[in-house]
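Enquirer: Take the two lone chains and join them into the complex the hints point to.
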Amino acid sequence: MTSLTRLACGPRVAFMLVLLILGPLAARPYAEANEAAIELAARTVVKIYGAGGFRGLESYQTGFLVSPSGHVMTAMSTVLDSDEIDCVLDDGRRYQASVVGIDPRREMALLKLDGEGLPYAPLDGASLADAAAEAVPPNAAEGPPAGAAAAAATSVTLAAPGTRTYALSNLFGVAVGDERVSVQQGVISAVVPLAARRGAYEAPYSGNVYLLDFTVNNPGAAGGLLVDVRGYPVGMLGKELRSTSAGIWLNYAIPLPEVSASFQDLLSGRTAEAEAMVERIPFETRLLGFLLVPDILEKTPPFVEAVIEGTPAASGGLRADDLLVAVGSRSVTSCAAVAEELARIEEGATVRVSVIRDGAIVDILLGPRPAGAAPAVQELGGERL
Amino acid sequence: MSRSVIHRRLIAACAVAAACVLGLTPLRLCPAKDVAPEVLAAERARVDVAARISAATVAIFAGEQGGGSGVLVTPDGFALTNFHVVQPAGLAMRCGLNDGKVYDAILVGLDPTGDVALVKLVGRDDFPFVSLADSDRVRVGDACYTVGNPFLLASNLQPSLSLGIVSGTHRYQFPAGTILEYTDCLQVDAAINPGNSGGPLFNAAGELIGVNGRASFEKRGRVNVGVGYAISSNQLRNFMGMLRGGVLVDHATLGATVATGADGKVYVSDILESSDAYRRGLRYDDEIVSLAGRPVRTVNAFKNVLGILPAGWRVPLVYRREGRVDEISVRLSPVHAAAELAEIAAGRRQGGPPREGGPGESPPENQAPIVPKLPEAVRSLYEAKTGYANYAFSRRERDRVASAVRENLAREAIDGTWEIAGTLQDGRPFRIELSDVLATIDLPTGTSRLDPRQPLDESPVPPGSGGMLAALVVWRQLLTVGPEAVGRTDYIGTAPVLLDDAPLTVDTPLADVLASDVAGVRAETFIDPQAAAGQVLGIDLWASLRADPCEVRFRYAAANGGDAARMPKAIEVRFGNTLFGVFTIQRFTVAPGEGRDAGKPPADGGEPASAANEEKAL
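Protein sequence lines correspond, in order, to chains P and V.
Take the first sequence: its position 87, counted from the start at 1, is 89 in the numbering used here, and no numbers get skipped.
Take the second sequence: its position 336, counted from the start at 1, is 343 in the numbering used here, and no numbers get skipped.
Next up, chain V with everything else stripped away, as it sits in the complex (with noise of 0.2 angstroms):
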């Protein structure tokens, strides 16, 4: 093109744009410099909170397979995304930045069912990011932003935005199979087109309330007609812990159908024997009436509750039976066979090197996945494992909380033999005895002793407790010898841990949750991430993994710093539907030896290591 010919257009496009803003003129009501200053407070608001969400939003490559769009959390480098996105791109992705800049991301967890991944992008530790809001106080009518990589469009790594209004929450959307099922998730007249997916979706004010990685297309092609969806940043919420860990995450099923009665209420249409919920006491045709502190109206609601809760999480469940209404705690189920859903996750790597091993032959069993060449950034951050989607950040994770629960202990003061004693809840008195060698417990109903040593779920004792004394002596062993060393214990993620029937809301803490597979038992620790980072919250104990777990919660003194909170002034015991005790700790003492053998009984008054003689109903 001459450069005539460009002078005559740029004449011909200034003399349109003049025309235009003559012909407009009369119609002005006020010049610029007349407009309300609010209003220009407002347009800079929009364009700050603009620039901010744009830097922390991710546009993720995966080669010849496509990408998507992803949005950082910490400053460290995770960042969310959708499973679809990273499926075909397999462990490892480059991620690009508006700063312009393209960093090397590793694969950490992944939720098929939820359609949620979580990614690390490697090399900084001062990303931009932002911060998840309480998606239950979206509101219809609220302005949102998209921010994303439609139609892979951010060659340059400027990621494209468009602002739009909720259209509507708690949306339900059918999955496909058993996966990708978008519950209780938002609806959004911004545009969400293809290459969006993964991306973030912000409130107003920047704060993230979703993952964008759905919209409804019909008859148009696959371009947004106004109708998109976004996982709710609650959802995220619950999963994190898991994600963060590596795991290869599984979403939640009750062991029982709901449908609609006749009269328009939700009831139990069927119903697993096996099930923990059939257990606690719900039965074919009660009436559902709130799940996990959410109303349940509809079976779409029903679904929305359950869609947003991880497996594994015990959640209060309301039913109502012949008028008579009744709340029971109820352990979520996996949706998904442990093989099933490692299949489903395998499937981004479809396209990676074949399997070793002649025709005919198969693999053996627990071999580990054949790994593909990692680049060098990420490749001693990946860790193959049955069950998880990248191990090294579950050991990480494992890592971490161990090393908070030595910070808070003093390690010294708990070695040896430990000596609780107190009263149950009728005022009589217990006494335990915690060694190496012996656990023994003395109750008003007898003696139950058994060696740390040998197999634990041989006898759960005390009777009646499914296995109290096992699960003592598995905590013991974690605060003593550090949960490294504690048969084989894995961080699997993390789960509201209430007491006293405390509702679950967005605001309950969750606690970090170690499994660990010990002399024949299973127990599942809970440890308190926050502000009595290290304190052990409670010890699920299975003694048989088809029977109902011996629950331990332990108990602290609500103290400001010192001894008096590291160790429990309570300890309440459940198994099945029943309360087994509440046994009151008035004196809690380490002996230092290997028992009651081998060492005489600490005397009264003797120096308790920690101690909460404050007493206290419970």
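Looking at chain P on its own, in the form it has when it is part of the complex (with noise of 0.2 angstroms):
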């Protein structure tokens, strides 16, 4: 009866599906079935620790085992960049964990800590409790376990608008050692793609995300499971994103099925679409002839780590270590701020750009901006963020 939900075809279906389902839910007392639902979702998160703490840069974020031998998803961020990233189950269990790979598109990572017979979140569509059953079968000698019928029958589909979640998350590291993560209630929304554009929510995922009405993307939320109340993995927590122009903080998450593509993805090694999408990155200074040093802070300082010979960049005479501090008429204090205005330039334009150099400011005309990619040049050293 469930599984049926989730082949709803239209989003209209769906919600009266949902509506049905949830009728005679509310009448039950529901309280039990959500906190069976709560129960199974909590075992399968994890609490990571990681680089960070100071600055604004929490260390800690959350994740979610998918797979009973240890597969974590998670957000991608700069608490993974460590050569120790710790994992705390809901148990207490403590794992080292490596980084399988990353997927800078969807800005999520597949974690790998060495454990076996782990409760887990299904990624395929089917529930948590179908998971549960398949990994401690209730009477292993009764032919295949149930869960894999459901896993077979189900497939991965957005859910509705109205759907009724829960968000379990590790917001402000709240929960340590064997302390439950935090467990948050609310709807979806609405389904909508990220407006993942210059002045709005900056990130490099563009896809669907799920509004939810509820503040879920707090600190050290990001990689947290979102789960229907019934039970069935709905997404994953997105990072903390504000929008650079209304200042207006989203409340999303990542649908499941971009979670599972991402899994499989990461799991067999593919990369091809995480390289294509760095050319979708805002602006890169590059295609004017420079490369800023790595942006790993809130706010960095937008110095010029190189300049590239033959481009617009070295003719207008920008040189290594000069300090940004104005692009046209808008001051920039980040490294964020600069890509951001230098991304309005229209194709063919000039700009005026203001670098304090030596201690004086210095004005250096760049352009004209050209089409198209960034010319191919050698690595100049240095991380490409």
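No wet-lab data here; the hints were simulated from the structure.
One or more of the hints may lead you astray.
Straight-line distance between alpha carbons at most 20 angstroms, and here's what the computed DMTMM-like set of lysine to aspartate or glutamate pairs gives [what the hints assert, rightly or not]: (1) Lys272(V) - Asp88(P); (2) Lys226(V) - Glu242(P); (3) Lys226(V) - Glu204(P); (4) Lys272(V) - Asp180(P); (5) Lys226(V) - Glu300(P).
Example chain V residues on the side facing chain P (calculated, C-beta under 8 angstroms, incomplete) [stated by the list, open to error]: (6) Arg146; (7) Val147; (8) Gly175; (9) Arg178; (10) Glu225; (11) Thr305; (12) Asn307; (13) His343.
Predicted model only: the values in this text are computed from it and were never measured.
Quick reminder that beta carbons are idealized off the backbone N, C-alpha and C, glycines included.
Expert: Structure below.
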């Protein structure tokens, strides 16, 4: 019965079916059913500790087990930028995890810890209960476990607006050791493409997201698990995103199909998509012939790392170690702001930038902006971020 | 705005509303009349709960200093709130209820460490109130309501209500310095905003499970982000006796710090040799297994258990050393020095009138704090005293306990010389005689005497007991002349009296505690507040405050009324780590007069005022 709704073709039909399901649920003492869903979900959620702990960068976040053998999907972030990534399971067990791969387009990462028979959140459309039943067959002698059949009969679809959900995450690092992660409840308000564009929410990911009617994207919550109240995984909580123009914080999750696709890609080592995505970063300063220092802080000061010979930047007189302070008439205080402002330049146009060099302000004309992709040059060292 | 404009707008609004309804019609699965009766019943029940819990919710106004929320927990007007809400308000505040009325209230008890305050509203004896539920039964996912005065919106005295779920239990939130520490608290996604502080957190049934007081804010400004914290009702329950007694409450420390070892277990990382825990046998590097009956698996768990316990309580602690597990009973020390705590609490009088005294003149010690002018309605309900938030309520509780003690005893039957005789645990006899002028104890090991009119701390007799005879003298005085007349006796709150290694649970009854400073000793007397009201359960007596007390526990026959239950059938005496003796009472007689010299010993078979002849191995 429940798997039928997962196959619903249109959102409206799905919505009706959800109402049909939830109607009888509401009449039941649904607290019991919901607590079972929370219990199963919480067992799969992992508290992750890594790099950070200064200047507004948390050193913790959330992930969830997606296989019984210790695969953990989480958000790609600076927390993973560490030699030692600690994962603490719901029962307090602590593991060292390694990064299997990162998916920069979806801003997800796959970790692996050395475990077996762990509770996990299935990514194939099955419910947590199915996964739990599969992990520990009630009666091993009686043919194939029930979960396998259920998994085969389901597929990963988008949840419909109106779906009641729980978000489980290690928000604010509140839970430590065997303490359980936080659980919040709310509703999927809309399924929309993330307005990932200049002046809006700056994120490489621009696919569909679930907009949620409750505040889930708190510090440390990224990588958390969104499940519906019946215990089906629905998505992964994204990183904190704030509209650069309106200052509004987004409450959202990335739908399970994307998590599932990312997991498959990362597991198989596919990175083509990841590489293709690099060109979709809001603006690539290399297009104008220079590189900024790696953008590792919330507001990395926009120092020029290197200037490429024979480019507009070189002919304009930009030099390594210049600090950009203005683009056009707008002041810039971070690498991100520089990228944002430069992205506004029309093809073929020229922009005046101001830099601080040896204590003095120097104005430089950059341009004209070439069309198309960045010129193919050799790596100049430093990570491209 | 002209009438026609209003009309046009109304029509437009109606049209929009109609369009919405029409637009939704194809999606509606069942019209309102077909809604399942269970759903309607659940909705009605929820509305009823909302009405009930809203009525008991208090809007607290602290003038220009802000305000917050509170919740009534008794019909005579006691209301819980946060320390940080009443601190700016001072001693008196105005409290609004959703009946539309504003009541005067007076500060009763303060717990700066736990961020709790108790106030009393005046003007009614039939306030709507709610009862405390067991917060350890709260489970993640349970529905919950926060009610209160967010952003001080309740200018019409109608509280705001928010529905959410419990996001986490047994949470630990770090203190600011040594105060405002949230231990073992509840985390909810129901909205807790500035102004909700001090307001109630309810379960789905409308029972009080916590008092809201804190939320995680970060970059989004001081508005709710779905992460709020409430002080658990079980913590409130532990401190309620102290708060009602007007005490300036302190939290507890073990006198030891703990840390997580390489194996993830919790070990003693440092311990004060002067601490009770050290004297009981706890040492550096011992593994803490459980505290107060709750398992300790993380440092947070240890802090959570300790943080909801008041200073002065004695709680069981289980530790492991070299594979061997031991249980000890540890008396918890206060976190703060008394003067330090008074300073913290005095922060609330910052806005009050300046202190008297010229420049350079330091105020004399023990000077009563300057009391700001209080509203007429509550002026008689306040009394200043060091160590108390409001001593008037300590006096009131002491008088309540005193009258319970008196009611429990037929006074005429106990005036005179008490003779108590029976056997020790090894079968040998003992005999105790207590009068106004002499106290004597005959033991197989010898006889000890003391004069109750002289300082009691000079010789803690019998030897090895830590002062058993002095404790019995205080006991007799409390019963014969009443607590008011024994030295300086104050009500200091409630504490569990655990006999026979009984576990400490949420159901453990809490005894009223009187503290007496009398003739050079300090005694704390535990009095049963419940079924056998007024029965003295035990006395702890310190001959020296730096040493262990003599701990006397009285056991009573489980009688259903009658004299048999009024005097103990056995007395158990401990000192430090040793059991000094179990005194099974076979004869308890009272002879009029002034003791052994004044009258002949009562004959056997005389009229016992009360006697428990039933013999039972202890």
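Enquirer: Failing hints, ascending?
Expert: Failing hint: just 13.
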